[in-house]
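Residue numbers (my numbering), protein chains in the order written: chain A, 1 to 734; chain B, 1001 to 1168; chain C, 2001 to 2316.
Take every hint as true, because none was put in to throw you off.
Derived EDC-like pairs: lysine to aspartate or glutamate, alpha-carbon spacing no greater than 20 angstroms straight-line:
hint, chain 1, residue 1, chain 2, residue 2
1, C, K2039, A, E117
2, C, K2294, A, D141
3, B, K1006, C, D2053
4, B, K1092, A, D23
5, B, K1092, A, D673
6, C, K2225, B, E1126
7, C, K2294, A, D724
8, C, K2294, A, D718
9, C, K2010, B, D1067
10, A, K622, B, E1162
11, C, K2039, A, E69
12, C, K2315, B, D1127
13, C, K2315, A, D598
14, B, K1092, A, D491
15, A, K177, A, D377
16, C, K2002, A, E117
17, B, K1082, A, D23
18, A, K648, C, D2295
If you want a taste of the chain B side facing chain A, the calculated C-beta under 8 angstroms gives, among others:
hint, residue
19, D1040
20, H1041
21, E1141
22, A1152
23, S1154
Hints are computed from structural coordinates only; laboratory data are not their basis.
Here the structure is a predicted model, which is why all the values come from computation and not from measurement.
Note that CB positions come from ideal geometry on N, CA and C, so glycine has one too.
Below, each chain spelled out in residue letters.
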Amino acid sequence: MKFDTPAQTNPIDKMVVVGRAVDRIDGPLKTTGTATYAYEHREAVNPAYGWVIGSAIAKGSFRWLNLNEVRAAPGVIAVVTAQEAGPLGKGDFNTAKLLGGPDVDHYHQAIGVVVAETLEQARAAAALARVEYARAEGQFDLVKALDTAAVVGDNGKPASPEIVGTFDAAFAAAPVKLDAEYTTPDHSHAMMEPFASIAVWNGDELTVWTSHQLIDWGRSDLAKMLNIPKDKVRFLSPYIGGGFGGKLWVRADAVLAALGAKAAGRAVKVALPRPFMMNNSTHRPATRQRIRIGARQDGTITAIGHESGSGDLPGGSPETATGQTKLLYAGANRLTALRLAVLDLPEGNAMRAPGEAPGMMALEIAMDEMAEKLGMDPVAFRIKNDTQVDPARPERRFSQRQLVRCLTEGAERFVWSRRNPKPGQTRDGRWLTGLGVAAAFRNHMSGTSAARVHLDADGKVAVETDMTDIGTGSYTIIAQTAAEMMGVPLDAVTVKLGSSEFPVSVGSGGQWGAANSTAGVYAACVRLREAIAQKLGFDPASALFEGGFVRSGNRSARLGEAAAQGRLTGEDKIEYGTLGKTWQLSTFGAHFVEVGVDAYTGVTRLRRMLAVCAAGRIINPKSARSQVIGAMTMGVGSALMEELVVDKRFGFFVNHDLASYEVPVHADIPHQDVIFLDEADDKANPMKAKGVGELGLCGVGAAVANAIYNATGVRIRDYPLTLDKYLDKLPPLV
Amino acid sequence: MPIMLKVNGQSRPLSLDTRTTLLDALREHLHLTGTKKGCDHGQCGACTVLVNGRRINSCLSLAIMHDGDEITTIEGLGTPDKLHPMQAAFVKHDGYQCGYCTPGQICSAVAVLEEIARGVPSHVQEDLTAAPRATNLEMRERMSGNICRCGAYSNIAEAMAEVAGVAG
Amino acid sequence: MKAFTYERAKDPLAAARAVAGRPGAKFIAGGTNLLDLMKIEVEVPTHLVDVQDLPFDKIEQTPQGGVRIGALVTNTDLAADPRIRRDYAVLSRAIVAGASGQLRNKASTAGNLLQRTRCPYFYDTNMACNKRKPGSGCAAIGGFSRQLGVIGVSKSCIATFPGDMPVALRLLDALVETVDPQGKTRAIPIADFHRLWGDHPEMETVLAPGELITAVTLPAPIGGKHYYEKVRDRASYAFALVSVAAVIQPDGSGRVAFGGVAPKPWRVEAAEALLPQGAAAVTAKAFAGATPSKDNAFKLPLATRALASVIAQSKA
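Chain A extracted, bound-state conformation:
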């Protein structure tokens, strides 16, 4: 199904099942420990255990590698290094190779895998590897590396700054100006399930159970690395213990499980140990951002400039932290530019809301600062600079843009009027309290997505697609979509996901999963409805699918009758035309937070949080709300504690475990409120839905930072806002 004109009224609009806050259909499995994750599949019989050996240096090569003790250790079946593996292909999505040696590209890069009878034996044997390294000079200092970094486009290729109007002159002429620098650190996905895979070969055919967000990308890249045809790889991820972008790419566990299994001649399980993950895999790159905003006294922005620098390994790409600034606020004169430095740290790559997450952390502090300079309320300042068109191409309108409503309804619900505009004035016992606001913004992306839907004689519907559920609720919203389309109750639908045996979906990433994968299911259901109508001799255009029956005129039949002689199947994909170019498809929101900052110790604790989101039709308000509160929680982490600390001498992230890389715990997070504005975006897809999973993160950090400023009067522009950065600036103790 080609989606190239705005959606008309369609069966989803009935919203009998879609749009309802139903419990997740996979809930009973997840809450009883019966959902099966990558390392837990038992179809691969008698598996051996692989343990990864990692590089002890960041850059250089082996002088020698001695594995004699490893091979002689109890239980060892096989050892695979780059030498044994032979030349491996490089996946399209990886910057650094997943099996290093003799050259090493980053700290903890895998340089081999030990396969043994038991996990304990493999782990102990791996520690016996002896390597003598020749260290090479590396660049690990982003500040220094940015000095000579070139301006690039989103893809990392050389480019010029994007300019609209005449930025420099307009900024210089603006009566009220802000020119400030902001920094965000490297972040770790820190998903709860480590990278893990089980691989088994049957002749030249490979089956891999792994933890991956996008089956087809993973399957293609793994095949490429192993130099085998893609159709020889069976790639399975029915449940994924979190990804946040970190599991969009094949990682060392899958490659080394496959190589280990080949060498051992049996199934091999590999999981990355937690202390290994932060340096072995990808991370959200640190940024240094400069924001300039010029405005008239009445608050009208006349110039807005956003430049961001980040680093990556050679051949990598930038953190696109300026993207939202092209679209979020009005202003005739604009400049955005990305700089990309070469660093020899582990590979930078996508993490939840890549670009916008760190970009909004900076931009939305800048907006707060600017509002203060103008003597305006920060909500009012944002509203003043709303735009309903793409500022660079005013002929392009936003398909839906309810930012103003998000801000005003949020302000009312949060009782924003309680905020004292003068910072550092409000106290509750030992706590300095403050309120902060930030806009939320994230673009919506469309992508081809296919599904297959079956109808059986008992009236039950089964959906198959290689879409994944990384905690996002895919199982449930796909079931809701199929139930709505086929006119059956939710419990008449079963959903199978995460297998390369199923039609290729859009996968999970970029908050594109929900809208596009359900649109693909919609397309497949349209086909199935046609097949059913035809079978029953009904007019497919006018047939109604309701309550387990198909009706046309005064004729009616039980749905299952159509499959009485055998299963009926509809398969199709959603594909997109140019609506996304004609219209700007984006999602919007507003974050409001209240913090208390301990007047003595400077510790910040959240008191209240509210997000108001406008993101198209919400297919399941319960699971969508969870996406948003989860993103808000991650935003609190980025505001208050998360930082991969770079040791610039050795070139690695020092705090590489879950004790030293702190993410929020229960005690950090207060009750969170989420409001979804009523919206249905007919330019997006037949579901009229967009995404929320990343929108919920964008802006939260800045809202917290702005609240801390409101509480203390101390403006911190370097994340995370740990107390050591402002302790000496807090009001003196009495």
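Fit chains B and C to the supplied structure of chain A, relying on the hints for placement.
Only chains B and C this time, still in chain A's reference frame:
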């Protein structure tokens, strides 16, 4: 080494490497994979099980040290067809997303309510000599050894409040 | 984790002898720190002596009016004990400020005293560490030291003692009771129990090989208001940036010890005398001669402010 674990009411004889953790004994030997390995270093809580009624991190305990112990895992609390009230409350309040930390959260949540009932104090208790109450703040502090990167905390607190019979 | 043999000790003397008699042997009780370190081969014992069956799980009154805490009493049970909550609240408070409910259920009193540092360079076996490998150097010096020590550290090691409970024990003048392989017992004042790193950061306590902790005793209660103020980035389940254990008497006098700043719980009795003059006077004395790095210099003003908070609470 030969040992006997009593897991979810059943005696399970095992012969294990001294190095095998209770977690790996459950997952790799007894195939009770509901108990999860998130960090293997006591930093996340995904491996939480109840041993003789008390919650512990099964990753930081050797299986051989539990000879004769009674172990309750998530599988022992309830099944998809017969959920434990805490499991049902997690489903109702969407107290999970990816599901990987969830069994640990639920085992911990069950233990937390028992600890509050038993009067075990916490960091956020103002009066140490008083009996603790199942407030939102208390449950959040006591659950803090169970990390949920998906960020379901606010919903988990509501699920626990429902089971505890207090307002969320 | 290297392979090891295992035995479950039946009595204290046998346990002590089992460890003393075998190079590379270690006691294991809760195991929450030891196993963590064994998995990454920072600890590589060849033999483990499991002491969980030893009769050290009671909390009893002493004839002197204090309490004797068995070495195997779990953190949870110790924090929950009514006498401890009533008479030694700073100890309960310190315990529940540490780790998580799960860890406190497993961690023992003796094990808590023997916790090893959380220095990230100690935990990363690719990095030089004099504590892990004597003479190899210290990668933490000149590296990321935000969590590390500001006083009592040395040119060999700038790690901190990470625990909370022992800070309160130091404040309460606890005695650490031990038995050695010959059956000889002794009571070590907590002030002497942990060493400063000096040139030998691998030597962390004064325990002799095979010497087994049997109990910790507390003198009679000292009254006063009890506080344990722990400052950390996240609200729970994190090691202290700085912690302050304090008992403040109605006249404003009292005791103060600091955690998260030094190789051992940091208490300077002469500084306590300055409590009536306020927090800044106390910390100026307690931290005289401090050698912070750029990363952790904030711990000094933070210690002052945390103590000021405690003093303010005591006056409220």
